[in-house]
Structures are given as C-alpha cells and as structure tokens.
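Based on the provided sequences and hints, a complete structural model is requested.
All residue numbers for the sequence shown refer to full-length UniProt numbering, where the first residue is 1 and numbers rise by one.
Where hints are given, some of them may not hold.
Unchecked claim - List time: in silico DSS-like cross-link candidates among lysine-lysine, alpha-carbon distance up to 27 Å: (1) Lys234 with Lys151; (2) Lys93 with Lys283; (3) Lys93 with Lys30; (4) Lys8 with Lys176.
Unchecked claim - Quick list of the computed label-pair ranges, beta carbon to beta carbon: (5) Ser216 with Leu427: 34 to 42 Å; (6) Glu86 with Ile468: 34 to 42 Å; (7) Lys100 with Glu10: 37 to 45 Å; (8) Leu427 with Glu10: 31 to 39 Å; (9) Glu22 with Gly472: 45 to 53 Å; (10) Gln332 with Lys227: 46 to 54 Å; (11) Asn333 with Gly539: 17 to 25 Å; (12) Ser216 with Glu599: 20 to 28 Å.
Simulated from the structure, these hints should not be mistaken for laboratory data.
Note that CB positions come from ideal geometry on N, CA and C, so glycine has one too.
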Amino acid sequence: MLKRSEVKLEETWDLSPLFETEQAFEEAIKTVLEISNQMEEEFKGKIDNAKQVVSVLTAYQNLYEKMVPISTYSSLSLSEDQTNDEAQMRSAKVGQHYSKISAQLSFITSELLQLNEDVLTEAKKLAPQFKHYIDDVLRQKPYQLHPEAEKALAAFGSTFNGPYELYNTTKLVDMKFDNFEVNGESYPLSYNSFEGDWELESDTAIRRAAFEAFSSKLRDYQHTTAKTYDNHLKIEKTDADLRGFNSVFDALLFDQKVDRELYNRQIDLITTELAPHMRRYAKLLQKVHGLEKMTFADLKISLDPTYEPKISIEESRQYMLDGLAVMGEDYQNMLNRSFDERWIDFAQNQGKSTGAFCSSPYGYHPYILISWTSRMNEVFVLAHELGHAGHFYLAHSEQNIFNSRPSLYFIEAPSTMNEMLMANHLLANSNDPRFKRWVISTIVARTYYHNFVTHLLEAAYQRKVYEIIDEGGSVNASILNQIKRNVLEEFWGDSVEITEGAELTWMRQPHYYMGLYPYTYSAGLTIATQVSQRILQEGETAVQDWIKVLKTGGTKTPVELAKMAGVDITTDQPLKDTIAYIGSLIDQLEQLTNELVEETKA
Numbered sequence: 001m002l003k004r005s006e007v008k009l010e011e012t013w014d015l016s017p018l019f020e021t022e023q024a025f026e027e028a029i030k031t032v033l034e035i036s037n038q039m040e041e042e043f044k045g046k047i048d049n050a051k052q053v054v055s056v057l058t059a060y061q062n063l064y065e066k067m068v069p070i071s072t073y074s075s076l077s078l079s080e081d082q083t084n085d086e087a088q089m090r091s092a093k094v095g096q097h098y099s100k101i102s103a104q105l106s107f108i109t110s111e112l113l114q115l116n117e118d119v120l121t122e123a124k125k126l127a128p129q130f131k132h133y134i135d136d137v138l139r140q141k142p143y144q145l146h147p148e149a150e151k152a153l154a155a156f157g158s159t160f161n162g163p164y165e166l167y168n169t170t171k172l173v174d175m176k177f178d179n180f181e182v183n184g185e186s187y188p189l190s191y192n193s194f195e196g197d198w199e200l201e202s203d204t205a206i207r208r209a210a211f212e213a214f215s216s217k218l219r220d221y222q223h224t225t226a227k228t229y230d231n232h233l234k235i236e237k238t239d240a241d242l243r244g245f246n247s248v249f250d251a252l253l254f255d256q257k258v259d260r261e262l263y264n265r266q267i268d269l270i271t272t273e274l275a276p277h278m279r280r281y282a283k284l285l286q287k288v289h290g291l292e293k294m295t296f297a298d299l300k301i302s303l304d305p306t307y308e309p310k311i312s313i314e315e316s317r318q319y320m321l322d323g324l325a326v327m328g329e330d331y332q333n334m335l336n337r338s339f340d341e342r343w344i345d346f347a348q349n350q351g352k353s354t355g356a357f358c359s360s361p362y363g364y365h366p367y368i369l370i371s372w373t374s375r376m377n378e379v380f381v382l383a384h385e386l387g388h389a390g391h392f393y394l395a396h397s398e399q400n401i402f403n404s405r406p407s408l409y410f411i412e413a414p415s416t417m418n419e420m421l422m423a424n425h426l427l428a429n430s431n432d433p434r435f436k437r438w439v440i441s442t443i444v445a446r447t448y449y450h451n452f453v454t455h456l457l458e459a460a461y462q463r464k465v466y467e468i469i470d471e472g473g474s475v476n477a478s479i480l481n482q483i484k485r486n487v488l489e490e491f492w493g494d495s496v497e498i499t500e501g502a503e504l505t506w507m508r509q510p511h512y513y514m515g516l517y518p519y520t521y522s523a524g525l526t527i528a529t530q531v532s533q534r535i536l537q538e539g540e541t542a543v544q545d546w547i548k549v550l551k552t553g554g555t556k557t558p559v560e561l562a563k564m565a566g567v568d569i570t571t572d573q574p575l576k577d578t579i580a581y582i583g584s585l586i587d588q589l590e591q592l593t594n595e596l597v598e599e600t601k602a
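Here's what the structure looks like:
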C-alpha cells in the first residue's frame, strides 16, 4: 500500500478551494473565534424582541458559513491519511475551538426558547428565511436544559466525539495487517484491499484465506473497540436521560423527524420478508460457483466474475454521464466538474478512511472519497456518492445554510437513486443475456445487498444493542459478537454458514457512531426504487418532481419529501413493493442463468 505522498496527484482531491495555504486556514480560525466573542458580547442577555432575533440569527448564519470550510478542511485532510500527525493535530485543534464556540453561543437557543412565541412568530414574518430554523428550535423546547447546563454540555463537544476518533485511530492507524499465504504465494492485506478486492475475489481459496486473516486481526482489537463503542453508547444514553426522552431511540429519532413505527418497520419487514429472496440468491451463487457449502465469506462474490470488466477512472466518467443523463444538463455539468476540478479522491494509500463518502460543505463544491479498484462495481459506488453530491449541489443553490440539509432518514434516497438510474440505463442499452444478467446481479449484489442487507442487518444488530443500553446495561466484545452472530443466523438460516469471524463485522462500521444511521439506507432505497420506477414509466415529469425534491433540502420532513416524489412512506406498501421488486430481480437471475447454461450445452 502506497504512502499518501506516493500516489498520483491527479487521483487525489484538491482541497485548495477550501484553503490555499495553512496560513489562510489559521487566519480563518482566528476570525471565527473573534466573531463568536463579538456575538456573545453583543447579544447575550439581550435577545428580547423580534428584531434582535433576526439580528442574532443573521450573525449566526454568517458565522456558521465561515466555520464550514474550516471543519471540512480538517476533516478531509485527516480522512485522506489518518496516520498524518499534522492532520491529527489540526483536527483535534478544530474540535477544541468548535466546542468553545458551541458553549459560548449556546445562549442563543436558550434565550430564543425563553421568548413568548408571539415574538418568534413576528421574527418569522420579518425574516421568512429563518422560519425553518425557529420551528426546529421550538421542537427542542420540551427537551431543553437550563442554559448553564446546555453551555456545559456544549463545552464537552470534542470530548463526546472522543469514542469515534478513538475508533478510527484503532482501525486506521494502529491496526496493521500481515500478508496472508495461499498455496505458498503471499498476498498483501489492508482494510481497503480486503473490502475493495479480497472480499470480492473469485478464487475461493484466496477469498476465504483473506477473510480468515482479516478476521484474525480484528479479533486482536475486539475488546478495545467494544469498550470504545460502549463509551459512545453511554454518552448517548446519558444525554437522552438528561433531556427527558423516554428512550435513547426517541432521542436519536427526534432529529430525523420520524417515529418508532417507521424505524421498526424497515427492520422488521426486511428481516422477515426479504430473507427468503436473499437465501435464494445465496443458493444461486453457490450453484454457479460450484461451492460445496456457502459461507459468510462468499456472499460478496460476483455471479459472473469472468464477465466483469476492469474500467479506468476516465472511463467511469462516461458511465456517469450516460447513466445519469436523465437528470438533465445542469446535473451533467456538475458531473464533468467533479472530474475536471478534482472533487474526487480515487487514490489507495495507507491510512485512508475505508469505504466511500461524500462531504458537501455549504458554499463550496462537494468532495467524494473512494478507493478506486478498477472493478466495474465501483461505477455504482461512484454513482451513489455523486448522488449525494448532486443532492447538495442543488439544495445548497436553493436553500440557506439552515435549510439545506434534510433529515438523516432521507439522506440516502438521492444516492441510491443514482444507482437505480445507472442500472436502468445499462439494462436499456443491451439485449445480451449475459450482460443483462451481470447488470441485474450487480443491482442485487451491490445496490440491494449493500443497502438493504448489509446496512439493514447492522440496523437489526444496533437495535438490540440499544435495547440493552436503554435498560441500563452495558456491552462488551462477547455480547456484541453474540448479538451480531444471532442476527446473521436469523437472516440467512441454513442457506449460509456463518463462519468464525463473521460475528466481528460489527467492528467494521463507523455508522454506529452516527446514531440510528444504518437503517436509513434501506429507507432511502425504498424511496429511490419507487421513484426510479416512476421515471421509467413517466419520464420527464417524474424527473422534474425528483429535482424539485432535491432542491427542497431540509425544509420538509421525510414523509413530505417522499410525498413530493409520489411515494407514501406512512404505509408499508412502498417497502413491500420494493422487496417484491428485489424478488423479481432474483427470479430473472435464476431464469437467465438457466438459459445461459442451456445455451452452453447446445
């Protein structure tokens, strides 16, 4: 694995639009600290009328916009190489300064909530752009603590983020993987190479050996990682109790603006109704690959690995342009800019964060992290992240900084939508049964397996963990391993052997440090599946509805956003329809496989 200094410059993102120099970055920090001091002096104890409300929110908006590039720069420079000492110290410094600012300005929310609601209503009339922000503040009223308590909690902000930072340090800095051997040949191993390559390897001996070596190293760190996670859970539980929420679930769902019914439905319906379809898919993989038994280590392999082409980064651009052309000219321009202006970090290097993500700083273009393997399935991963980029590219252009970000429940809809659009495009442009089978298998293995199975099983596991925490309990490695194993065994039944090491997959997911995040992938993909079918059937009308949704940002609830796109998520029908659609895809895979086998015989 190359060091960051050794990778090709053109495969890295360009952070200079955020800050040209380190000096500019330092001056920006100094500026926001000064503004924060001025705001405290000017407004603390003086917010007593509608005009003052508008004035303080205007000042806060200005400060918030200046803080965004600072946090984004420190975060992204650390994500590209967690082993970089300078990036570690920069991130820690920003965390400390922002905790100070958060504590210093905690009076704003406290004083707004002490006002008569008539004053806030007048403020909304004076400045309609702040209506959404003020309404969100009012929602917090039942759970707001004494101003001094709020200030104290805000001051501990960077400390409360400690478990997540420790998790990343353990995973990406301290955890070193030895090479593994198969038939006398040595193979290199790292977090990114396992998740990007070895997990998908078609050679069964190499794939299973990589899984065993990877799991063995995870096991060495299981107790530290479990204690880190337990500390994070305790912080969340304590905050929920202090604020008077009935449970940690209610506290975490509060900001998502959805209720327990929507949350539980995603987990319960998919666990029971999708499982039979995915077991059929596992059996199909086993049959095609001639495996004596199907193990957990075999679930990510391609149905037809000999057919999957390797593609370059530049070739991936054309796939994006063609597959997402339905989104229109402005969206196409954004896609071209993302390549031309180096919004995307493709490089593989030591210390780089695993997986893929999109950061969308307000007032700047989005940034995407991905570790490019040249596998064709990366086209779907890149389309996914560009879905996030396109969402905020449009939302930021239409909404102010307070209004642009929607509920976490909806956040994965635009990203998974792009995967569906890419699949629709590929299927519409070929009649070759082998290519069609490859596309459909990629939809199942990448889009639905990743978002509807991997993340959904994480959500089922996470729910059981929070139930323990809600009852006043704690977790350790043994408990977490057992919960994860039980969830996997319940879903896969006797179709897949849950091999030793599968239970450790809870150690791989940073989403557990982001609240009730994993279940939102299936929620978003449920919406995306239904809307993508609308686009196939209705064309431009459905596309324009979707673009309006993206531009709406966070000014509506997830239920309202979905309704704008023509989907009613207050019922279980969209989810049932999506599960049935997945079943139909697997039906097609079975049929196409049988046809190809018959052709071969003929």
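Falls inside 37 to 45 Å, the C-beta gap from Lys100 to Glu10?
-> At roughly 39 Å between Cβ atoms, Glu10 and Lys100 fall inside 37 to 45 Å, so the hint holds.
Falls inside 17 to 25 Å, the C-beta gap from Asn333 to Gly539?
-> holds, 21 Å
Is the straight-line distance between the alpha-carbon of Lys8 and that of Lys176 27 Å or less?
-> holds, 23 Å
Is it true that Glu86 and Ile468 lie within 34 to 42 Å of each other by Cβ?
-> holds, 40 Å
Hint consistency between Lys234 and Lys151 [alpha-carbon to alpha-carbon, up to 27 Å] | holds, 20 Å
Whether the CB-CB distance between Glu22 and Gly472 falls inside 45 to 53 Å | Distance hint for Glu22, Gly472 holds at roughly 47 Å.
Satisfaction of the hinted span 31 to 39 Å by the C-beta atoms belonging to Leu427 and Glu10 = Between Leu427 and Glu10, where Cβ atoms are some 32 Å apart, the hint holds.
Between Ser216 and Glu599, is the Cβ distance one that fits in 20 to 28 Å?
-> With a Cβ separation near 43 Å, Ser216 and Glu599 fall outside 20 to 28 Å, so the hint is violated.
Assessment of proposed distance window 34 to 42 Å (beta carbons of Ser216, Leu427) = Check passed, 40 Å falls within 34 to 42 Å.
27 Å limit on alpha-carbon distance, applied to hinted pair Lys93 and Lys30 = holds, 12 Å
Within a Cα-Cα threshold of 27 Å, do Lys93 and Lys283 meet the stated pairing?
-> The hint is violated at about 51 Å.
Could you say whether the range 46 to 54 Å given as a hint is met by the Cβ separation of Gln332 and Lys227?
-> Distance hint for Gln332, Lys227 holds at roughly 48 Å.
In summary, the numbered hints that this structure violates are 2, 12.
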